[in-house]
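Enquirer: Chain residues, written in single-letter form:
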Amino acid sequence: MINALSSLLILAGLFFYIAGSIGLLRLPDLYSRLHALTKADNLGLGLLTAGMALQMPNLMTALKLVIIWLAILVASATSAHLIARHARRRESRS
Amino acid sequence: MNSTSLLVFDGLLLVSIVSLAWAALASIDARRSVILFMAFGLVLALAWARLRAPDVALAEAAIGAGLSGALLLAALHDHDRTAAGVGSSSTQNQTSAGLTTVIRWSVTLLCAALAVGLGWALVHVFDHPANDALARAVAENLDLSGVSNPVTAVLLNFRAYDTLLELAVLLTAVLGIFALGPARAGYQPAGLIFDGLTRWLVPVLILTAAYLLWVGAHAPGGAFQAGATLAAAGVVLRLAGRHQIGLPAARTLHIVLAAGVGMFLLVGFALLATGRAFLGYPPAWAGSLILLIETAAMLAIAATLVSAFVGGQPESVTIDNEE
Amino acid sequence: MLTTQLLYALSGCVIVALGLRSALLHSSLLQRVLAINVMGSGVFMILLAVAYRGAEVAPDPVPHALVLTGIVVAVSATALALALARRLAAEQDDD
Amino acid sequence: MSELLSLATMVLMLSLLLGLLRILRGPDAGDRMLAAQLIGTAGVGLLMLLSVLLDQPALIDVALILALLAAVAAAAFTGQQREQRDD
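Top to bottom, those sequences are chains A, B, C and D. The opening position of the first sequence corresponds to residue 1 in the working numbering, with each subsequent residue numbered one higher. The opening position of the second sequence corresponds to residue 1 in the working numbering, with each subsequent residue numbered one higher. The opening position of the third sequence corresponds to residue 1 in the working numbering, with each subsequent residue numbered one higher. The opening position of the fourth sequence corresponds to residue 1 in the working numbering, with each subsequent residue numbered one higher.
Fair warning: there could be bad hints in the mix.
[Said to hold, decoys possible] One-sided excerpt, in silico: chain A residues whose CB lies under 8 Å from chain B:
| id | residue |
| --- | --- |
| 1 | Asn-42 |
| 2 | Val-74 |
| 3 | Leu-82 |
| 4 | His-86 |
It should be emphasised that the hints constitute simulated quantities derived from the structure, not laboratory data. In this text the structure is predicted, and so the values were computed from the model without any measurement. We put the CB at the ideal spot given by N, CA and C, even for glycine.
The shape of chain A in the complex, shown without the other chains:
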């Protein structure tokens, strides 16, 4: 039961990773690519982490996985914001 749930979560995570990466490669401009990337970051890694956490032997490791996910969540939001602001500043300057 737990194994099935874990597999399902990992597969869903992989889907978002691929969707995000293809988006990063195919979408036409920086801002839409930014959007694609944050999906891969938040959902792809989030679901993968959840799936992996179910398989971890002890609570400490599962807890570390949760911290990893939270860190990436905040980091991706922050850097998306920083990069978008940076790009906009440069546009308005030129």
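Keeping the supplied structure of chain A fixed, place chains B, C and D upon it in accordance with the hints.
Expert: Below, chains B, C and D without anything else, positioned relative to chain A:
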């Protein structure tokens, strides 16, 4: 993972590493080079993980993918500022274009020859069974070293002299940086969002550093990885425009910078005084002595790396020194 | 002979050569420093490949310790080199 | 389960390679920064998978460090140094 898929994994990983190195070096645009170099560091951490070197992967993740990127980007800001004023060397290059082409090709050929020679030597080395004398010596004496992580045992016990000298090298480097001039101006205060990130990231980094220091006795981790993680906390604070915190003030900073070498020497001479060899720990005490030295070394490494990022004596220090 | 060992070691050789070539040929100081760092990473890769003993066997810890110190020394040498480059640029600015 | 994790490793490697293409292609420094971010996220995922597949629990710690420092590069990239004129 079966061996075929592992082989495919290795191949893809190495292709990305070599192409990132190539692209980082081939670019004329320094900004592009630096970003590609940071990605190169990220992928290298994966390679070290794959080669069963988690201790090295930890250091690479903290330094290669984090600190040296921040360091190079800060240098890039200086670079941008001066490049406009100074006449670039490209004009010189054009006058002697013919000669440059010859030099370029001969250097390229020499480097290619070096790679082939090195590769040929390594193929021959791998043909013979590996010489495990050192690895066996480490494994046999591990019980007496005071720690159960072999890498920590080598660094802090069996080859403690080397680590002492390495800390001296770090100290020399930071003194050189201080001697070369004032610190960089620092960063403008961060916006709301990055400031919010700093507020929880810095404490988490400090906790992680403490965890890595403690875990280094029996699992991958130790003073270097912990010091680099702690330094990352200081760099984050600088990036968020907080100049007052992140590094201690003048005299304390100098003491902390020297703490690694100092603690090593203190322990070494104390052992000499009790009739043992310099840094020849008694097995019963080895674990505690190593932790003591590692704590001092962690603080010294962190202070060194943050000072290196700052690029000189921090402002508060120069004010204090007016005597 | 392990294929993994050979693959990583030979890639290390290629990276060393790439780094050395750029360190000698680049005109920008910043990129020369970067090239030396790339070269160092190639050396680290060779050392870790030599230490590797297969997927199930514990590797030789001595090269690991060497590489670990190497990484930390490399970053502080890089910082010193960058500080030197900055001072050099400032001196040229004054002229 | 191990087959699924092997598959996941390959998929994340593919994701990393797509990021590699974007970082090589650019065109802007911002795009490269984004691609570096994707490579980092794929790297964190790969480290978690390798940790189980190669039976190296410490690789979780490596993933943790990478995750914690993920925002540092972007902050260093976009940070404005002080005396620069800001208009």
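Enquirer: All the hints need checking, so say for each whether the structure fits it.
Expert: Structure-based check of all given hints:
Of the supplied interface hints, the one on Asn-42 (chain A) is violated, with its beta-carbon coming no nearer than about 15 Å to a beta-carbon of chain B, more than 8 Å. Hint status for Val-74 (chain A): holds, given a least beta-carbon distance of 6 Å to chain B, under 8 Å. Annotation: interface hint on Leu-82 (chain A) holds; nearest CB of chain B at approximately 7 Å, less than 8 Å. With a least beta-carbon distance of about 11 Å to chain B, the hint placing His-86 (chain A) at the interface is violated under the 8 Å criterion.
Hints 1, 4 from the earlier list are contradicted by this structure; the remaining hints agree with it.
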